[in-house]
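Asks: Chain residues, written in single-letter form:
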Amino acid sequence: MTVEAADFGRALAVIAQKLQDLDILTHNGALCLSEEGYRMRRMRQSLSWDVSISRERPIEFTPFEYRDGNTYHVEVSTERIAVDQSQEHCPPFEALDLAMVLLNRAGEIVHRWHIDRANGDQAGPMFHLQYGGHDRDQRQADIPIREPRWNHPPIELGLMCELVAANFYTERWFTTLREDRSWCSAIQICQKVSYTAYVSHLSSCLNTSYSTALSRMWNGCWG
Amino acid sequence: MLNGVMVDDDNPELYAKILSVRGVLTFEPMAVRPLTDLAEEIRGKSPRVVALDYGLDDNIGGDNQVTANQTFKAGALAQHFRDHSSSSPDSDFPIILVSSVDKIKHLFAPDKTAHDLFDRVYSKEDCKNDREGITREVVSLVRAYEVFRDCHGKCSLESLFNGSQDDADFINYQELHLDVAQAQAPHLAAQYFLRKVIDRAGILLPLPEVAARLGIDRESVSNLLHALAGSEIGYRGVFSDGWDRWWAHRLDAWADHITGTKIRMLSASERCSALANALEIELSPARSTWDGSSDFHPSFACASCGEPSDIRHSLAAFDPHAPRFSQRKRICWACIQTDRYLDPSHNLIVDAVDADLVSTIQKHDRKA
Chain A
21 MTVEAADFGR ALAVIAQKLQ DLDILTHNGA LCLSEEGYRM RRMRQSLSWD VSISRERPIE
81 FTPFEYRDGN TYHVEVSTER IAVDQSQEHC PPFEALDLAM VLLNRAGEIV HRWHIDRANG
141 DQAGPMFHLQ YGGHDRDQRQ ADIPIREPRW NHPPIELGLM CELVAANFYT ERWFTTLRED
201 RSWCSAIQIC QKVSYTAYVS HLSSCLNTSY STALSRMWNG CWG
Chain B
132 MLNGVMVDDD NPELYAKILS VRGVLTFEPM AVRPLTDLAE EIRGKSPRVV ALDYGLDDNI
192 GGDNQVTANQ TFKAGALAQH FRDHSSSSPD SDFPIILVSS VDKIKHLFAP DKTAHDLFDR
252 VYSKEDCKND REGITREVVS LVRAYEVFRD CHGKCSLESL FNGSQDDADF INYQELHLDV
312 AQAQAPHLAA QYFLRKVIDR AGILLPLPEV AARLGIDRES VSNLLHALAG SEIGYRGVFS
372 DGWDRWWAHR LDAWADHITG TKIRMLSASE RCSALANALE IELSPARSTW DGSSDFHPSF
432 ACASCGEPSD IRHSLAAFDP HAPRFSQRKR ICWACIQTDR YLDPSHNLIV DAVDADLVST
492 IQKHDRKA
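One line per chain: the protein sequences are A and B, in this order. Residue 90 in my numbering sits at position 70 of the first sequence, with consecutive numbering throughout. Residue 252 in my numbering sits at position 121 of the second sequence, with consecutive numbering throughout.
Hint data in this document are derived by calculation from the structure and do not stem from the laboratory. Among these hints, one or two may not hold up.
Cut-off 35 Å, straight-line C-alpha distance, at most; resulting in silico cross-link-like pairs (DSBU-like, lysine-lysine) [unchecked claim]:
| no. | chain 1 | residue 1 | chain 2 | residue 2 |
| --- | --- | --- | --- | --- |
| 1 | A | Lys212 | B | Lys498 |
| 2 | B | Lys243 | B | Lys255 |
| 3 | A | Lys212 | B | Lys494 |
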């Protein structure tokens, strides 16, 4: 079940507009996301694409007031997401390093999460969620203990935007976005890319008595 | 007594009389003469409102003291007044268009440069059929201009909205500060407030939006008005004497409080039942225009039919000028399928982001 770059690009553009219309993405954040979308649309029927969103020009979400009375905002960036849908047995991410940071009003990082594909022989699930993990040039700011790496389906820009909207703009997401047909269609396209092979593999793990899901989803052991 | 002027090249006396309100506002009829002469004469009367027919160039001679090469349309005269008021804001006044449906549709509507010049556009037919409603609005417009004139570009939003400290978070938008509170001429403030705050659901809600939020049908919402009138939900700020509006955040808080739950999480039938029990009145639930069910979650009134609608069975309307504090317009599937939204009076287009769903919806089987 493959998705063409043009369809994926259209999905990102829809997500960008819907989130901007609800004042969840800033103008610049929506522009950043929709530009990626337009770039992918020009790739037409290609089943492979590369995305990167720098920290300097992230997908920026609008500030919100948290229950502690402080104002925060979220930024999403990715060093690289490389999609190659030529293989069916594995989620189509040759590279995946997608970060979500929560910043305070002073622009300081309050916390950072990222979704990764394990590098080389890195120990951990092939696709994992991890707390912290600063970029290569800010390693000194990393928390000292990098684990755990949570076994987690790969997600890309569209699903990350959904996650941020649902968590930090819950009422708008719940009452307006969740049932919007165009929004749902766009997210469905993102889900097809991210989840299809992952869910299939996870399902097969449930029927295997000699191993566990985590074990079979460990980096280097996928299969 | 407030004074107004009605300019028409054909029987200005008739609509001057229709628009006048005994003991409150008197319109003086005026025929057409060369633009600058007419403008000067009108300004000399210090009118509180000026009403113009659109086509002031249809009749020459008789009471109309213009020659063929001196004729002009209402837009030119309105622009003249606006130019003057920019440098002399104390003499600013509302300008309303009062013209036949045909002229509005075929002449005024295409003339987009003229649209911003008029505070309100009324058809002559509506003026006759809804005299009370329209004169109420006109008087309100006059009073609003007085408010904006009196604060001299240093208005307080809290005072304009007649709100309290608790409302600050819901009105403290930069656009409102810049385009209303600090506007340099009353017509700028009045037009922005009327078009973006009164005419649009957002901070304030018109009755169809109240019905949608509460999940009750539009006919039985009048039963609820009595309960709402006693609360602080009714809006009493500028323009409230001409347009009935309710505070959105106060309505939500009130509904949540009296039902003891987050009302938006309930279906229309559940909301209606909870409200009816809490208030001990009879109410009928809103029904989906798509399948007639009351087991849906309305959150807005369709921009086309005004009926309570839900996100699931609606599409986004092209709404590029929506300010951040306002709700974006949506069109229910029933109006999409029947093409009702295409009626020129609605001025609606489906947003490009949802446009590919139109043909799908038009082929759907509809149950209602």
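Asks: Starting from the hint list further up, note which numbers the structure goes against and sort them upward.
Replies: none
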